[in-house]
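Participant: Start from chain A and add chain B according to the hints.
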Amino acid sequence: MNGFLAVYRREVLSLWVTPLAWVLLTVFLLLQGAIFYSIITHFASMAEVSVDTGPLQAYFGQESIFLLMTLLLVCPALTMRVFAEERRSGTIEALLTAPVTATSVVLGKYTALLTTYALIWLPTLLYVVILRKTGVVDWGVVASSYLGLLGIGAAYLSLGTLMSAMTKSQLVALLLTIFLEFGLFIMGVGEYIFDPGLFRDVCAHVSMMGQMEDFSKGILDLRRVVFDGTVTALGLFVTTRVVDSWRWG
Amino acid sequence: MIEVSNLTKDYGTVVAVRDLSFAVGKGEIVGFLGPNGAGKSTTLRILAGFLGATSGSVRIAGHDIAASPLAARRALGYMPESAPLYPEMRVSEYLLFRARLKEVARGKQKTAINGAMDRAGVAHMAGTVIAHLSKGYRQRVALADALVSDPELLILDEPTAGLDPNQIREVRALISDLGGDRTVLLSTHILSEVEATCERALVIDRGRLVAEGTLEELRRRQKSSSLRARLRDPNRLAEAAISAIPGLGLATFSADDTGDGRRTLHLTLSQELDTEATVETLVRTLTAAGVGIHALIPEQATLEQVFSELTAHEKANAEKTLPEGEA
Chain A
104 MNGFLAVYRR EVLSLWVTPL AWVLLTVFLL LQGAIFYSII THFASMAEVS VDTGPLQAYF
164 GQESIFLLMT LLLVCPALTM RVFAEERRSG TIEALLTAPV TATSVVLGKY TALLTTYALI
224 WLPTLLYVVI LRKTGVVDWG VVASSYLGLL GIGAAYLSLG TLMSAMTKSQ LVALLLTIFL
284 EFGLFIMGVG EYIFDPGLFR DVCAHVSMMG QMEDFSKGIL DLRRVVFDGT VTALGLFVTT
344 RVVDSWRWG
Chain B
2 MIEVSNLTKD YGTVVAVRDL SFAVGKGEIV GFLGPNGAGK STTLRILAGF LGATSGSVRI
62 AGHDIAASPL AARRALGYMP ESAPLYPEMR VSEYLLFRAR LKEVARGKQK TAINGAMDRA
122 GVAHMAGTVI AHLSKGYRQR VALADALVSD PELLILDEPT AGLDPNQIRE VRALISDLGG
182 DRTVLLSTHI LSEVEATCER ALVIDRGRLV AEGTLEELRR RQKSSSLRAR LRDPNRLAEA
242 AISAIPGLGL ATFSADDTGD GRRTLHLTLS QELDTEATVE TLVRTLTAAG VGIHALIPEQ
302 ATLEQVFSEL TAHEKANAEK TLPEGEA
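Residue numbers (the numbering used here), protein chains in the order written: chain A, 104 to 352; chain B, 2 to 328.
Pulled out of the complex, with its shape left as it was, chain A reads as follows:
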């Protein structure tokens, strides 16, 4: 793991000393605030609330389409520059001539992105604190919901990192990532469209909304975790190979 920590620290610093992370944080929190606010007002006007469909379940589960739509915006914007910018500006030459392996470079950068993603989610814990004042919060459900979000983020960021390594243009990386992740998301929607059968099962298996619905009820489905893990690992593995291949360009 030569240089992993050095790459990681530089990447986190770069993300937070430039406006990118702050802009994303602001946009993200505004959107999440609006979503949370409308869910809360909706629940406040309801006469009766059943036990397993509180506002938290709605936010993380049934209404997770809103939350996932913001991720489709935030994750590609977070990953687009990670390799494309280094290649365009030439800093990749200095980076790859240091005694580091492609694996540490890719993992260092990726872990920094995942940390930033987690930091962007951190303020939403306040929503839980707010809800706690007026009712009971099941912390297990909160934990599993965030775990679900971490899994989806890990997969999205891995795909974005790969797309950023494929091109020198940040814009192309952004568009490719949105295309890929939106495709994955839409495929999940197929669960509600197609007739029962193999195709619907596949759609249900990759459904991000399905994943959030399960996790928001505290159901930790191992298949979901394995799926997220596979996408993440595959994306990172291919990225490493791409970085190695630059030597032969």
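Hints listed in this document are in silico derivations from the structure and should not be mistaken for laboratory results. Do not rely on the hints blindly, as some may be mistaken.
[Said to hold, decoys possible] Simulated restraints, written as ranges between beta carbons of each label pair:
| hint | chain 1 | residue 1 | chain 2 | residue 2 | range |
| --- | --- | --- | --- | --- | --- |
| 1 | A | T129 | B | H133 | 17 to 27 angstroms |
| 2 | B | R170 | A | T333 | 57 to 67 angstroms |
| 3 | A | V126 | B | H133 | 19 to 29 angstroms |
| 4 | A | G243 | B | V130 | 37 to 47 angstroms |
| 5 | B | E213 | A | P122 | 50 to 60 angstroms |
| 6 | B | R107 | A | T129 | 32 to 42 angstroms |
| 7 | A | V130 | B | H125 | 35 to 45 angstroms |
[Stated by the list, open to error] Distance condition first, Cα-Cα at most 20 angstroms in a straight line; then the derived EDC-like pairs of lysine to aspartate or glutamate:
| hint | chain 1 | residue 1 | chain 2 | residue 2 |
| --- | --- | --- | --- | --- |
| 8 | A | K271 | B | E89 |
| 9 | B | K27 | B | E153 |
| 10 | B | K27 | B | D258 |
| 11 | A | K271 | B | E82 |
| 12 | A | K271 | A | E188 |
| 13 | B | K109 | B | D151 |
Given the structure is predicted, the values throughout are model-derived calculations rather than measurements. C-beta: ideal position from N, C-alpha, C; glycine also.
Facilitator: Frame of chain A; chain B shown alone:
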């Protein structure tokens, strides 16, 4: 320190480096010379481990770059051509990042960074964001980066490109200063740079090594040497007298009148002639003809001339062989 044998690199149909072999010993300062597009940067990028070779082998400090790339890269400090840096970082932050990346021991990082900044002359810029630095300072930060791990071998790709004359002098002084305990390989297309800093030069053209040797050896490689004679010759007798010297027919000469009967004569002697004997004959002949000699100035071949002769010669050769399939 560097051993390159039969190195070839092609980018699809374009051959950037072909069958290049050379060696650089410990403590040498070697200039890597060639016109733009000769394959200098490609070769240095291969040595630094940024590009892979198509064929051939490279050993850096005894480590084969293909078999043990990390050990090879650990032994060298590389400064890429355009000095790419992260604009959002401060100089000290950037150098700390590079020191960590290059595995400088935790306790020594601060000393290493300060030492590198001092040597490269950027110590007073430590807290400045790189985006706000001028081109010259960026170049020097990249140089500090190459120095930060105190490597035995420095590979510098056009270290003085884009600098003003004062900065060029400083960087050259620094490079000369580094020699002795360190090996330096620097590329340039500016000949005076090699004359100012290097002990030995490798001349490369169109991906091939065309000459190699100390500066003295390279100068001697020049095909012809020349003489300048300042004469008092109101009756213009010099030409006739010189043409009459037997065996001097190979030389070319031209004269210009500087008025007052004074003239300056430019003579180019072909290599086959013994320069010293020719000068003697010349003086005797001219004096006998009644021409007054004010000065006889041997013009030493500059590397500039050697360089253009070497690369022009190579071009002519290449053109001859070109139709067989390169285009």
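Participant: Does each hint hold? Answer for all of them.
Facilitator: Status of the hints after comparison with the structure:
no.: 1; hint: A:T129 / B:H133: 17 to 27 angstroms; verdict: 26 angstroms, holds
no.: 2; hint: B:R170 / A:T333: 57 to 67 angstroms; verdict: 59 angstroms, holds
no.: 3; hint: A:V126 / B:H133: 19 to 29 angstroms; verdict: 22 angstroms, holds
no.: 4; hint: A:G243 / B:V130: 37 to 47 angstroms; verdict: 46 angstroms, holds
no.: 5; hint: B:E213 / A:P122: 50 to 60 angstroms; verdict: 52 angstroms, holds
no.: 6; hint: B:R107 / A:T129: 32 to 42 angstroms; verdict: 37 angstroms, holds
no.: 7; hint: A:V130 / B:H125: 35 to 45 angstroms; verdict: 39 angstroms, holds
no.: 8; hint: A:K271 / B:E89; verdict: 19 angstroms, holds
no.: 9; hint: B:K27 / B:E153; verdict: 8 angstroms, holds
no.: 10; hint: B:K27 / B:D258; verdict: 53 angstroms, violated
no.: 11; hint: A:K271 / B:E82; verdict: 19 angstroms, holds
no.: 12; hint: A:K271 / A:E188; verdict: 7 angstroms, holds
no.: 13; hint: B:K109 / B:D151; verdict: 11 angstroms, holds
The structure shown violates just one earlier hint, number 10.
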